[in-house]
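Colleague: If you're matching them up, the sequences are chains H and B in order.
In terms of my numbering, the first sequence opens at residue 619 and continues consecutively.
In terms of my numbering, the second sequence opens at residue 236 and continues consecutively.
To be clear, the hints were calculated from the coordinates, so they are not data collected in a lab.
Don't take every hint at face value.
Here are the computed lysine-lysine pairs in the DSS-like style, where the Cα-Cα straight-line distance is at most 30 Å [to be verified]:
1) Lys1059(H) / Lys365(B)
2) Lys1031(H) / Lys369(B)
3) Lys315(B) / Lys1059(H)
4) Lys1104(H) / Lys1024(H)
5) Lys1131(H) / Lys1199(H)
6) Lys365(B) / Lys315(B)
7) Lys1031(H) / Lys306(B)
8) Lys1104(H) / Lys1136(H)
9) Lys910(H) / Lys1059(H)
10) Lys365(B) / Lys317(B)
11) Lys1031(H) / Lys1104(H)
12) Lys1201(H) / Lys1164(H)
Short derived list, chain H residues pointing at chain B, Cβ under 8 Å [stated by the list, open to error]:
13) Pro767
14) Gln769
15) His1042
16) Arg1045
17) Leu1048
18) Gln1082
19) Gly1083
20) Ala1085
Keep in mind the model is a prediction, meaning the values are calculated, not measured.
Glycine residues also receive a C-beta, built at the ideal position from the N, C-alpha and C atoms.
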Amino acid sequence: MSAPARILDYKQQTAPKFRLFSALGGVLASAILLSAALLLARSNYYPQVHLILDMGLFVLSGVLGLFFWNVGGRLGQRFPQWVATTLAITWVLDGVHMAITMDWSRGIEATALGANLPLETTWALPTYILPAGVGASLWLLHRNSGLRPVQFGLGLVALSVGVIAASLVLPQYIPNWLSITQPTLALTPALWMVVGVFCWRWREAARTLPWFALMAVLLCLGDFAMVFSRVASDTASILAHLGKFTGSLVMLISKMQMASTDLVERLRTEAKFRGLLESAPDAIVVVNAGGKMTFVNSQTEALFGYKRDELIGRGVEQLIPPRFRSAHPAHVRRFFVTPHARPMSKGRDLSGLRRDGSEFPVEISLSPLETEEGVLVSASIRDITTRKQSENEIRRLNHTLEERAKELAAANKELEAFTYTAAHDLRAPLRHMHGYSTFLKESWYGRLDEEGRHFLDRIMTSTQGMAMLLDDLLNFSRLGRVEMQKHEVNLADLVARIRGDLEASEPDARRVKWEVRKLPEVEGDLSLLHQVLVNLISNAVKYSRKVSEPRVLIGSQYDDDDEMFTVFVRDNGAGFDMEYKNKLFQVFQRLHRSKDFERTGIGLAIVRRIVERHGGRVWAEGAVGQGATFYFSLPRPSRRQDYGQARIHSAGR
Amino acid sequence: MDKLGYILLADDNEDDLELEMRALAEYRVANEIVIVRDGAEALDFLYRRGEYSNRHPAQPLVVLLDINMPKVNGLEVLEKIKNDPQLHQIPVVMLTSSRQGPDVEHCYALGANAYVLKPVDFTQFADAVKTIGKFWAVLNELPRTQVKSAAGGQ
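Just chain B, same shape as in the assembly (with noise of 0.2 Å):
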């Protein structure tokens, strides 16, 4: 684990994955990215169960979460993150396909720190996904305890 913290990825869609992916190459985001495949791998991997019992102890600088999700979906992890002391202070992306439904405000109540439509065109995509990084990853300061567990507890 590098110094400059990780971002962790949770979405489900492989052809969002690999778009997503190659918009924070483009832009040459470089801290490591994460990827989980649903809500519960997730949850197991913020929580070091399972197969991620053995990680290393530093928790992300943001989670990008799609809300859309097999198993546990992106709103029930929010909630999750959101609801555990140890957590919530993890800033978290929701990412969504459509303005569609009631998820807007449903986001926010959780605590949702931003929230993200992902755009058909693809430069508008990669744009938004790139800012994402940016801001989250470089630009915003996180409080200091944060800090210090994102950067590998030291």
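So here's chain H without its partners, still in its complex pose (with noise of 0.2 Å):
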């Protein structure tokens, strides 16, 4: 949840900078002509003068008053609303004593400064409760209160009318100078320089405050010139007036300069805001709490197919389809009773309408906007039709896979079933079939003639024949299957045990003049490679028992470029013709005829696949009567140990 963002803040502008110096200055040089003015016009007309200082002034003031109620309002800011505040007040008290006090043929002189209390009362009221207003503002901001402007004034109220009873009663026992119904009025300037030296001190509390200042000293000013008249319009009161015109002159200007920069800052903000909005990869659309759309970028414009014109000012059901308008304005009032930027509807499929009516899906991401219109709602819209696509097919891709993998999973557990079932129903019948003929071999030997013998013995041949080839069809299909179990496996070693255990089996084996050069250790399956390596040094002795001098050669290298070790073994026996030697290593596929050397066509077979899972690869090469020489190649040890091992042997050779 992130916070409303603010278009305008305005305390994060830069405000005009106050020079003291150049506002003094022009306040004098104002004031210097001001008085030259009066002191050349002829003093007969200084009740006018005056009276038009005191509307003017009373025009000021109230001007002053709206403008800080209208800064306060719209920043939610109190002290402006309590200045404000105190400015209607002094504003209608001051309007009471023009009307009662005006003379329209003579001016104020001729009715001013009579023994008529209540209207001594009404021009000297406002005079003390300004400065006495701002001051309890100022002190208010400084405290930061949060007083309502209601309770301020009424505060104020109570004040001026507790002042007015108390000078109706009691002003018997009033001092006369402290009357404020004297002229001398020694406590205004006195406020007001305080005032001023608070408005100076605290001055970082508020960009007006030293304009603030600077009218406190103009005032002050003023009142203290009030002080030496005498009579309603002398010299004195008029320079008082001007004083305090001066003061609230000053005052207004700087709220009008501070209201253009203002303006001007906001006007520059926007036009940033705007651009961003408009340099936006998506479609942005800005919408008001009723609903209608206050802007819309050119990515808008593009994506939905109507002009900028169109949207403006429209309900922005009319980018929506209709099945879902009626439902939107809800969801729309919803969103601005707790505004916080979320994406819109998550997990429901949206959809935009374009102009032509076609329908396309979209991402929507709302966002709260704080603008001096009050909170918009900033929807960014991106069309997901090519990511819609792309997940469509994706789902459908993996709901085929996930079919394929049932399939898979069924057939190859019908494979087990079967295999399972091929291993005992199909060697029990073979079992029995050895057995009797066994039992015939031990019994009725004797009575058979050759043919007969012949034909048992054929019979037991064959059996131990398929009971082998069954061995070998379950032992490849289980390869696929079964986990391998990868440890470091010593070649060298596992061949010396395989060259042992040969020897001690066959007598072919023994006559074999065996070769071994050095051999690597590998990663791998011990049991795995054992398989690999017993069929491929069998079948060189079993190739090669027909040759007078067998010869079995073993050996590696090892291939700096892929990183595999090679290990080959060499026989000097039939061999084969290179043209079949694709067929070598395919299953129930022989070179050679069962008569001249018993096999069931799968151990090669079985060699390929065991190393194609060790993610090496298998070849041969040879020549009829020239021997042959199996390859098959494993990667190296990922360990870095193993590499150094390698290559040492590598070099070794």
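Hints are included, so try docking the two chains, each in its own frame, into the full complex.
Modeller: See below:
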């Protein structure tokens, strides 16, 4: 949840810097000019001048009051509102005073300064109320008070009423020099002095305070001049009014200058903001609380096909497909209750409506904007047609994949069941055939003629052959399924063991002249690699047994380029025709008649499958009658020290 | 029931049975051999139920169980035996046609005493059967209570 963005933040703006000397200079210059004009003028016009200045002051304080009230309300600040309240009260009192003292034919002088207490009070009271109100406002501002203008105003009114009542009831108890009806108003200049000092001291609190200080100085001077006034429109009185007038004027001018600066700033900020919105990659629509669009950027025009003029001021429902329209205003209202940045309608598919009536999927995120016109909502709209399409495509592909995987899993399960059955149920009859044949051979062999014995032997050999074939097949089918247990495997040890086993069980192996060169350590499944080497080495023995001096060479090399070890097993036996080399490693492909070399045709297919599962490959070279070489490659172990060993090994060759 | 005790052989395959009997006879295993044709019958026999309700109370020295049997298979019989405090001391040897499948681990997990592959080659097959007979029926020492019951409760 983010705080509403303020388009305009007065506090953050660069206020026109208060230049004390230029301000004072301006004030002095105007005061001197005005005084000179007055001195040149004839004193018998003073009453008229007095009237004009009083009326001017009346208008000025009214305008100033409105100004402060407006600013305070807009910014939600109390200080300008308290000042405005003060100005309003003095404005009313001044108005009353003028209304009851004025004589249009002769000016103010004729009626002023009678013994009429209320009249005097309406004149003197605002003179006190103004510095008192401004001072109180300043104090409250300093205290960070949240006092409402109405309470503040009531306080001031109560004070005024109290003072009036006191002057009516208790004039005889009040010392003469304290009486507010006395023209010797020593107290007001002092009040203004204090207010001015504090305005200047606390000038950081608000940017108008230096101007307040200046105003206070001018009003102080004016009220001080009033002390020397003896009749309504003498020179001192005119100067006093002039001081007050200049003070209020300075305030108004400063306010106007600030307002114009603010306006320029605001326009600049808005231009910047619009520029930002304009350059955003998404379509952005700003909507007010009434659901009307107040801004759209050019991406919006492009996306929805409307011109800007066709959207501004219209309801945002124009961009929404009809079926969603009825619910939308409620959504807007709900957003404005608790405005915070969020994606719109999480989890629901949203659509936009183009001018031509076509719809497209969108993603919308909302964020509140606090502006001069109140809180607005900025909706950032993204066309997600392409993404939707890719998502659908991905979903479809995933579905297909899942289906395939299910089918595969089912097929795999069937295959497993099949191999299980094959393993058990196909072996049982073989076992029985072999068992009964054995009994037959043990008990009836003598009673059979040579042909009968031959048949019996063939039956037994076939049974064994079939059992072997079955075992190989099952083994082969299992290779794809069993999990590999990878360890470090020392191929030299493995070859030595296999050679020992072969020599123990096969007489042919003992005839072989062996040459085993240096072999690497690799990473792999020991029992699977054992199968590979058993197959290759026993093949080498098998196919070279008809040679007078059978030789088997086992060795390895390391290839730096693809970081693979290649192990080879070479014999000088029957060999094979290179034309059929591709058939060597396929299931049930044999290049030799079974009469010459018994085998099931699966051994090399097993070799290939195991090596490929280890990330390597197999191949062979050979020529008929000149022996064969079978190669398989394995990746070097991933650890560094093994690499080092491999390098030494490779260099040693 | 003679004093040597007897072997319970559960196998549904007549050919296997005949070969197994011959192999045992060839070694001249003197113990009596009781044959049952499936797992259900094996359990009936061990629990003296049904047609075996009147049999002699002595339990076998060893049970040879083929894994693939109709009705109740060898694994289920094994599980029953090993989970029954009355029976679990009886040694059970599992016989199977192949290494395929998860059977070996499963059998040992259930508490089988041995797991024997029936080789296709009859000579090897005969050796295996003979060895089983010799070991379990002659060499193996059973706990006293079971020897008693195996020997006819005397």
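Colleague: Look at each hint and say if it fits the structure.
Modeller: For each hint, the structure was consulted:
As the CA atoms of Lys1059(H) and Lys365(B) are separated by approximately 20 Å, the hinted pair is consistent with the 30 Å bound. A hinted pair counts as satisfied when its Cα atoms are at most 30 Å apart, and Lys1031(H) with Lys369(B) does not qualify at roughly 40 Å. In summary, the hint linking Lys315(B) to Lys1059(H) is not supported, as the alpha carbons are separated by about 41 Å, beyond the 30 Å threshold. Note on Lys1104(H) and Lys1024(H): the hinted pairing holds, with a Cα-Cα distance of about 28 Å set against a maximum of 30 Å.
Proximity of Lys1131(H) to Lys1199(H) is assessed by CA-CA distance (about 26 Å); at most 30 Å being required, the pair is judged to hold. About 26 Å separates the Cα atoms of Lys365(B) and Lys315(B), which keeps this hinted pair within 30 Å; it holds. Proposed proximity of Lys1031(H) and Lys306(B) is supported: the alpha carbons are some 23 Å apart, at most 30 Å. Simply put, Lys1104(H) and Lys1136(H) have alpha-carbon atoms about 22 Å apart, close enough for the 30 Å limit, and the pair holds.
Proposed proximity of Lys910(H) and Lys1059(H) is contradicted: the alpha carbons are some 104 Å apart, above 30 Å. In summary, the hint linking Lys365(B) to Lys317(B) is supported, as the alpha carbons are separated by about 25 Å, within the 30 Å threshold. Taken as a hint, the Lys1031(H) and Lys1104(H) pair is honoured in the structure, with Cα atoms around 25 Å apart against an allowance of 30 Å. Proximity of Lys1201(H) to Lys1164(H) is assessed by CA-CA distance (about 23 Å); at most 30 Å being required, the pair is judged to hold.
At its closest, the beta carbon of Pro767(H) sits 87 Å from a beta carbon of chain B; the interface hint therefore is violated under the 8 Å criterion. Because the closest C-beta pair between Gln769(H) and chain B is about 86 Å apart, greater than 8 Å, the hint is violated. Restraint check, His1042(H) versus chain B: the minimum CB separation of about 4 Å is within 8 Å; hint holds. At a threshold of 8 Å, the smallest CB-CB gap from Arg1045(H) to chain B is about 5 Å, leaving the interface hint in force.
Proximity of Leu1048(H) to chain B holds as hinted, the smallest CB-CB distance being about 5 Å (cut-off 8 Å). This hint holds: Gln1082(H) has a C-beta 7 Å from the nearest C-beta of chain B, less than the 8 Å allowed. Because the closest C-beta pair between Gly1083(H) and chain B is about 10 Å apart, greater than 8 Å, the hint is violated. For the restraint placing Ala1085(H) at the interface with chain B, the shortest Cβ-Cβ distance is roughly 4 Å, inside the 8 Å limit, so the hint holds.
Hints 2, 3, 9, 13, 14, 19, counting from the list given before, are not met by this structure.
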